[in-house]
Amino acid sequence: MVDGILLALAAACTVYFVIIVVYAGIGTSFAFIWLFFAALLVFLVYGKWYYSRNMIRIPGWVPVSIVTTCVAGVITMALLCFLVFLGAASPQEPGLDYVIVLGARVKEHTISDSLKKRLDRAIDYAQKNPDTYLVLSGGKGKDEPVSEAQAMYQYLVYNGVRPEQLLLEDRSASTVENIAYSKVVIERHRDKLRLEREEREKRQQGPEALFKRNGGNYLVVDDKPMEIGVLTSSFHVFRARMIAKKWGFSHVYGISAQSDPVLFVHLCVRECASIIKDRLMGNM
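Start counting at 1 in the sequence shown, then tack on 98, and there's your number in our numbering.
For the record, the hints were derived by calculation from the structure and aren't laboratory data. What you were told as hints is all true, and nothing was included just to trick you.
In the SDA-like style, the derived pairs of lysine to any residue whose C-alpha atoms are separated by at most 25 Å in a straight line are:
#1 Lys205 to Val119
#2 Lys146 to Val160
#3 Lys290 to Asp229
#4 Lys214 to Glu262
Put together the whole structure using the sequences plus the hints.
Structure representation (structure tokens):
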């Protein structure tokens, strides 16, 4: 019974690998993990068969260690997938101060399907929240004609988003850099807005100025906590939010764009590996 289940799962992993290659190409990132899973499952079936015939020669700690490692791996993967799914289901928070729109690959004459889905989500949010600034984050890769930020800007403006609502960050090459460089852009923009506000206040006359002056000195009023959103593909929301919190954003909300339905499971598994990597590297 157990052997049959493991072999069926191995076959399913192999079939899914073929689907990924046919659908998205052999160069799809991390696609060979499914062949690894298939080989591991077959190895477990063979190991179980071999152990049943050589129990006397094989120490008991060997099968116990293998089973414990596999169970721990399955539990870890399940927990990480749950967190990824939880991020994908994040409710949309209205009225945020800034929304960081994470870039994705730009092709020679068009944008990728993943980036289009993110931008269409950004258009919807911008129309419903005209006072929110969108930070378009993404640098220029070696095989990209323009920076991802510039391509996003052109797409959004063409589709009716006001240019003054858009801020560009065009240096980043990873999710960590997306957040780090976007933070610099946001801080500079907030400083600019603060200076403009102070200049307006100095020119104001009448009752509105009473709360600003007291004995000839300006009263400093704390700004409300800054609220930002991170808009990215659904499978990517959890990690992006955790990285943003690591970089000092205390009020962070995820905004989920649709992911490719065929590749969604693969993207979630790949994202689990990225979560582990970023956690070990101290990025989140």
